[in-house]
Amino acid sequence: MSNVARVNEVPRKASRLKKCLRTATAWLLLTVSLLLWGAGAPALAKAASTAAAQKESSVSVESAPSHDWKWLGKAPLTAEQVQEILAAPKGERPDPATYLDKKYMQRHLKQFRQGVSFVMGLDNYVMYVLTRKSIGREDGSCFVMPKIVCDDIAKKARGDISVYEQALGFEPGYFQGHGGLVRIDVTEVADLHVRIPSGNEAGANAYWLPGGYTSGGVPEAVSDLIPKARIHVTRLQGE
Amino acid sequence: MAKGEVVPFLRGDGAYRKIPQSDFAGEDAPTDTWQVLRDIHTAANETSHAEKALSDGLSALLEGTAGDVYLAVLYLTRLSLAEQGGRLPLKTPLHELLLTARENMIKHRNAFSGELVFPNGFIKKAALEDMQGWNETVFLPCYGVDLFPDEN
Numbered sequence: 002m003s004n005v006a007r008v009n010e011v012p013r014k015a016s017r018l019k020k021c022l023r024t025a026t027a028w029l030l031l032t033v034s035l036l037l038w039g040a041g042a043p044a045l046a047k048a049a050s051t052a053a054a055q056k057e058s059s060v061s062v063e064s065a066p067s068h069d070w071k072w073l074g075k076a077p078l079t080a081e082q083v084q085e086i087l088a089a090p091k092g093e094r095p096d097p098a099t100y101l102d103k104k105y106m107q108r109h110l111k112q113f114r115q116g117v118s119f120v121m122g123l124d125n126y127v128m129y130v131l132t133r134k135s136i137g138r139e140d141g142s143c144f145v146m147p148k149i150v151c152d153d154i155a156k157k158a159r160g161d162i163s164v165y166e167q168a169l170g171f172e173p174g175y176f177q178g179h180g181g182l183v184r185i186d187v188t189e190v191a192d193l194h195v196r197i198p199s200g201n202e203a204g205a206n207a208y209w210l211p212g213g214y215t216s217g218g219v220p221e222a223v224s225d226l227i228p229k230a231r232i233h234v235t236r237l238q239g240e
Numbered sequence: 015m016a017k018g019e020v021v022p023f024l025r026g027d028g029a030y031r032k033i034p035q036s037d038f039a040g041e042d043a044p045t046d047t048w049q050v051l052r053d054i055h056t057a058a059n060e061t062s063h064a065e066k067a068l069s070d071g072l073s074a075l076l077e078g079t080a081g082d083v084y085l086a087v088l089y090l091t092r093l094s095l096a097e098q099g100g101r102l103p104l105k106t107p108l109h110e111l112l113l114t115a116r117e118n119m120i121k122h123r124n125a126f127s128g129e130l131v132f133p134n135g136f137i138k139k140a141a142l143e144d145m146q147g148w149n150e151t152v153f154l155p156c157y158g159v160d161l162f163p164d165e166n
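If you read the sequences in order, they're chains G and S.
Each step along the first sequence adds one to the number in our numbering, with nothing skipped, and position 190 is 191.
Each step along the second sequence adds one to the number in our numbering, with nothing skipped, and position 71 is 85.
Do not take every clue at face value.
[To be verified] Computed from the model, here is a short list of chain S residues facing chain G with C-beta under 8 angstroms:
#1 Glu41
#2 Thr91
#3 Arg92
#4 Arg101
#5 Lys139
#6 Thr151
The set of hints was computed from the structure by calculation and includes no laboratory data.
Every residue gets a Cβ at the ideal spot worked out from N, C-alpha and C, and that includes glycine.
Chain G on its own, in the form it takes in the complex (with noise of 0.2 angstroms):
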């Protein structure tokens, strides 16, 4: 057993650790197509693609950001205010409490009330969270989902981590890749400021959509950093 393995907290065993090991597959990814338009949002995907396409000059083609559009209707914006937020540089998008009525962000953050859950790789659990007294990026954000949703994830995925990578926009692969999933859960979430983001998270990436969603439809909101000792980690390994 590796020395990796011994320093983790995760509880497991050495010879399912090998087993999963030996059968990650992760560098022989498979194609995906993320690109699931849904009827009538060619405008609103096409004003979001070139909006992020000029926030991100530097991005090549290949991993320029290609959303899917699940996340349609889901957030009250018009396709020119989501133009507008993704054209704003990082650090300068305004705060969703100007462009999100009250109710709707109320009723967004409702479902953060009950816990906030997230996934990762082992390899970033070993490298980001171990590592650390508490959870997050370097300014103090941390994205997460509502804890009865990565329940519902967790029931479909009946221990299947493809089934979160695409419920969650990770790439088919990516959690073998990293040896394995962990899921994070934070039910004392009271004081952790869970917001809407604004995108100007650290986290916030090319794929970044206004609104409280991701681009695959589930719903998010940010942390402040998260105490490790608040947290509730489970391991899966997959295959």
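With the hints as your guide, set chain S onto chain G.
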């Protein structure tokens, strides 16, 4: 790779920058290092030069700026974890590279405590904390290499 541009590729310069697709991917880096290594592995299936290019690229980064050294150490951490897990797809002289890293850490000790600005505009803060954590969690216990020998 074929153009000998492995360092810009590793660093995510300009058009080489890789961005994680998920908002929940938790890496603070100028490029998505996992995607980069995956692409190099794919290239290794097509050309015998890919593994050497990776080693040479990491060596070059270790001789570069503070940001380059930080990024090289990040790659070494990722590769070390893969090796410890028995899923390292590329033959990489990790121990040798770690020794080179150790030699070059001291030169940039002060810079690691500040902001590291990468050619693609990414700004990394608290690089020293990350590397100290990886040192204690991965390099020391797994390879017996201490990147910060004066501090332990």
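Hints broken by the structure, by number, lowest first?
none
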